[in-house]
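Chemist: Letter by letter, the chains look like this.
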Amino acid sequence: NAGVTQTPKFQVLKTGQSMTLQCAQDMNHEYMSWYRQDPGMGLRLIHYSVGAGITDQGEVPNGYNVSRSTTEDFPLRLLSAAPSQTSVYFCASSYAWGGHEQYFGPGTRLTVT
Amino acid sequence: GQQLNQSPQSMFIQEGEDVSMNCTSSSIFNTWLWYKQDPGEGPVLLIALYKAGELTSNGRLTAQFGITRKDSFLNISASIPSDVGIYFCAGRKDDMRFGAGTRLTVKP
Numbered sequence: 030n031a032g033v034t035q036t037p038k039f040q041v042l043k044t045g046q047s048m049t050l051q052c053a054q055d056m057n058h059e060y061m062s063w064y065r066q067d068p069g070m071g072l073r074l075i076h077y078s079v080g081a082g083i084t085d086q087g088e089v090p091n092g093y094n095v096s097r098s099t100t101e102d103f104p105l106r107l108l109s110a111a112p113s114q115t116s117v118y119f120c121a122s123s124y125a126w127g128g129h130e131q132y133f134g135p136g137t138r139l140t141v142t
Numbered sequence: 005g006q007q008l009n010q011s012p013q014s015m016f017i018q019e020g021e022d023v024s025m026n027c028t029s030s031s032i033f034n035t036w037l038w039y040k041q042d043p044g045e046g047p048v049l050l051i052a053l054y055k056a057g058e059l060t061s062n063g064r065l066t067a068q069f070g071i072t073r074k075d076s077f078l079n080i081s082a083s084i085p086s087d088v089g090i091y092f093c094a095g096r097k098d099d100m101r102f103g104a105g106t107r108l109t110v111k112p
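As given, the protein sequences belong to chains A and B, one line each in that order. Taken in order, the first sequence gives residues 30 to 142; the numbers are from the working numbering. Taken in order, the second sequence gives residues 5 to 112; the numbers are from the working numbering.
Since the hints were derived computationally from the structure, they do not count as laboratory data. One thing to keep in mind: the hints can contain errors.
[Stated by the list, open to error] If we take Cβ atoms under 8 Å as the criterion, some of the chain B residues that face chain A in the derived model are:
1. D42
2. P43
3. E45
4. P47
5. L49
6. M100
7. G103
8. G105
[To be verified] Only pairs whose alpha carbons sit at most 25 Å apart, straight line, appear in this in silico SDA-like list of lysine to any residue:
9. B:K55 - A:N91
10. B:K97 - A:A81
11. A:K38 - A:T142
12. B:K74 - A:Q114
13. B:K97 - A:A125
14. A:K38 - B:R73
15. B:K97 - A:E130
16. B:K111 - B:I17
17. A:K38 - B:K55
18. B:K74 - B:G20
19. B:K111 - B:F77
20. A:K38 - B:T66
21. B:K97 - B:I17
22. B:K97 - A:D67
23. B:K97 - A:T142
24. B:K74 - A:D67
25. B:K55 - A:S123
26. B:K55 - A:R73
27. B:K55 - B:T66
28. A:K38 - B:I17
29. A:K38 - A:A111
30. A:K43 - A:V117
31. B:K111 - B:N79
32. A:K38 - A:R73
33. B:K97 - A:P90
34. B:K55 - A:Y124
35. A:K38 - B:I90
36. B:K97 - A:D85
37. A:K38 - A:P112
38. B:K111 - B:T66
39. B:K97 - A:I83
40. B:K55 - A:I83
Yeah, the Cβ is synthetic: ideal placement off N, Cα and C, and Gly gets one too.
The shape of chain B in the complex, shown without the other chains (with noise of 0.2 Å):
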């Protein structure tokens, strides 16, 4: 099936750190999406990646989009308190298919 595998399951770093995370499938997807979400909210697209090997930022985000179509990664650089959440990966062929969640610690 289309199950996204998503590490790591949770990060705590110091603020300033560089933060990276991946999901890699056994299936290919034509479109990679990163969320995240925010505690009691829904969430919120940070990037979306159209095109195998494309790489796009955000901000202090960057994501790319794997050659293969079966993997993608985020990077967060020198990370802020704010940055805390959890991040979810998507990935879009017949449906969306979510990774299970980064949970994202900052501390100050």
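Just chain A, same shape as in the assembly (with noise of 0.2 Å):
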């Protein structure tokens, strides 16, 4: 199994710029979650899914989109980047909402300039 993957690794936008964050399990788990980590915050979440066709918001959704069209993949939409997007993102997955272990992917660092 790859587990969780995550592409790109890195990436530099232009603010006003939309792009598309890549993330795939292999696991077969039907929760998946989004987070950015800024230094001095942890992680936050953003937005989250229990099963495909199925997503709600988390902690701060504002400027992003996301959909959940299959079990494995769930991507994550930035409509018009901003400079207070600049963070690292990382994708989770687990069994269930209930289950006990997400499992991160590698991140992807982002700079919007």
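Reconstruct the complex from the two isolated chains, following the hints.
Modeler: Spelled out as structure tokens, the structure:
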């Protein structure tokens, strides 16, 4: 199993550009989520999904869209990038919301200039 | 809100020393989790706690779920250089909230 994979690993965007961060898992996990990590603030939940076709907002959803058309994939879209979205983004998955362990991907480091 | 206060922010210790860190909140959580993050990687789960008062060990690591459900601590005994990293607590109720992390440095 590859676990949770994320692409790209690094990305630089100009303000106003849009892009999609990819996340995929091959563990047949129902629950997937996106976090952003900023210095001194830990990880903050952006959006999550409890299964294909179902998504919901986390703590900091503004400026981001998600969709879950398959169990494996959970892309995160930045509609119009802003410098405040400069961060490291982590995707995670687990068997179920009440399930034990969330497996994290390696992260995408995004810089918006 | 469901904010977690994690302390200390950083620790510099000598190899072989014991380490203690904790997380507190004004909100109740149903699950407490402790993660470790190495540079350039995603967090990895160390210990999960599911019941108030629960005390769980994983090798040299011990964590407890506070009786009030508003706090948790993590102890590392006899630290070694590979314990270096950032340790995060996380509480789960409606969603998952993370503490800001404790950066641990171990001097050989």
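Chemist: With reference to the structure, classify each hint as holding or not holding.
Modeler: Do the hints match the structure? See the list:
1. For D42 (chain B), the interface hint is violated, since its Cβ never comes within 8 Å of a Cβ in chain A; the closest pair sits about 11 Å apart.
2. A least Cβ separation of about 11 Å between P43 (chain B) and chain A goes past the 8 Å threshold, and the interface hint is therefore violated.
3. Using the Cβ-Cβ criterion of 8 Å, the hint placing E45 (chain B) at the interface with chain A is satisfied: the shortest such distance is roughly 6 Å.
4. The restraint placing P47 (chain B) at the interface with chain A holds, with a minimum CB-CB distance near 5 Å, inside the 8 Å limit.
5. At about 5 Å, the closest approach between the beta carbon of L49 (chain B) and any beta carbon in chain A falls short of 8 Å, and the interface hint on this residue holds.
6. Because the smallest distance between the Cβ of M100 (chain B) and any Cβ of chain A comes to about 6 Å, under 8 Å, the interface hint for this residue holds.
7. For the restraint placing G103 (chain B) at the interface with chain A, the shortest Cβ-Cβ distance is roughly 5 Å, inside the 8 Å limit, so the hint holds.
8. At a threshold of 8 Å, the smallest CB-CB gap from G105 (chain B) to chain A is about 6 Å, leaving the interface hint in force.
9. With a C-alpha separation of about 33 Å, the suggested pair K55 (chain B) and N91 (chain A) falls outside the 25 Å cut-off, and the hint is violated.
10. A C-alpha spacing of about 22 Å is found between K97 (chain B) and A81 (chain A), which places the hinted pair at or below 25 Å, so the restraint holds.
11. Straight-line distance between C-alpha atoms of K38 (chain A) and T142 (chain A) comes to about 17 Å, which keeps the hinted pair within the 25 Å bound.
12. Taking the CA atoms of K74 (chain B) and Q114 (chain A), the gap is near 31 Å; set against the 25 Å cutoff, the hint is violated.
13. The straight-line distance between the Cα atoms of K97 (chain B) and A125 (chain A) is roughly 14 Å, inside the 25 Å bound, and the hint therefore holds.
14. Proximity of K38 (chain A) to R73 (chain B) is assessed by CA-CA distance (about 37 Å); at most 25 Å being required, the pair is judged violated.
15. Pair hint K97 (chain B) plus E130 (chain A) holds up; C-alpha atoms about 15 Å apart against a cutoff of 25 Å.
16. At most 25 Å may separate the alpha-carbon atoms for a hinted pair to count; K111 (chain B) and I17 (chain B) meet this at roughly 6 Å.
17. A threshold of 25 Å between alpha carbons decides the hint, and for K38 (chain A) with K55 (chain B) the separation of about 37 Å lies outside it, so the pair is violated.
18. Under the criterion of a C-alpha separation no larger than 25 Å, the hint pairing K74 (chain B) with G20 (chain B) is inconsistent with the structure, at around 30 Å.
19. This hinted pair checks out: K111 (chain B) and F77 (chain B) have alpha carbons roughly 23 Å apart, not beyond 25 Å.
20. A distance of roughly 33 Å separates the Cα atoms of K38 (chain A) and T66 (chain B); the hinted pair therefore is violated under the 25 Å criterion.
21. Of the supplied pair hints, the one linking K97 (chain B) and I17 (chain B) is violated, its CA atoms being roughly 33 Å apart against a limit of 25 Å.
22. For the hint pairing K97 (chain B) with D67 (chain A), the CA-to-CA distance comes to about 22 Å; that is within 25 Å, so the pair holds.
23. Restraint check for K97 (chain B) and T142 (chain A): not satisfied, since their Cα atoms lie roughly 36 Å apart, outside the 25 Å limit.
24. Under the criterion of a C-alpha separation no larger than 25 Å, the hint pairing K74 (chain B) with D67 (chain A) is consistent with the structure, at around 24 Å.
25. With a CA separation close to 20 Å, the supplied pair K55 (chain B) and S123 (chain A) stays within the 25 Å bound.
26. Taking the CA atoms of K55 (chain B) and R73 (chain A), the gap is about 24 Å. The hint holds against a cut of 25 Å.
27. Distance hint between K55 (chain B) and T66 (chain B) is fulfilled; the C-alpha atoms sit about 15 Å from each other, no more than 25 Å.
28. Only pairs whose Cα atoms come within 25 Å are accepted, and K38 (chain A) paired with I17 (chain B) is rejected, the gap being roughly 32 Å.
29. Annotation: proposed proximity of K38 (chain A) to A111 (chain A) holds, straight-line Cα distance about 19 Å (limit 25 Å).
30. For the suggested pair K43 (chain A) and V117 (chain A), the alpha carbons sit about 16 Å apart, so the restraint of at most 25 Å is met.
31. At roughly 18 Å between alpha-carbon atoms, K111 (chain B) and N79 (chain B) fall within 25 Å of each other, so this suggested pair holds.
32. A distance of roughly 19 Å separates the Cα atoms of K38 (chain A) and R73 (chain A); the hinted pair therefore holds under the 25 Å criterion.
33. For the hint pairing K97 (chain B) with P90 (chain A), the CA-to-CA distance comes to about 18 Å; that is within 25 Å, so the pair holds.
34. A threshold of 25 Å between alpha carbons decides the hint, and for K55 (chain B) with Y124 (chain A) the separation of about 20 Å falls inside it, so the pair holds.
35. With a CA separation close to 20 Å, the supplied pair K38 (chain A) and I90 (chain B) stays within the 25 Å bound.
36. Simply put, K97 (chain B) and D85 (chain A) have alpha-carbon atoms about 15 Å apart, close enough for the 25 Å limit, and the pair holds.
37. Of the supplied pair hints, the one linking K38 (chain A) and P112 (chain A) holds, its CA atoms being roughly 18 Å apart against a limit of 25 Å.
38. A threshold of 25 Å between alpha carbons decides the hint, and for K111 (chain B) with T66 (chain B) the separation of about 21 Å falls inside it, so the pair holds.
39. This hinted pair checks out: K97 (chain B) and I83 (chain A) have alpha carbons roughly 19 Å apart, not beyond 25 Å.
40. For the suggested pair K55 (chain B) and I83 (chain A), the alpha carbons sit about 29 Å apart, so the restraint of at most 25 Å is broken.
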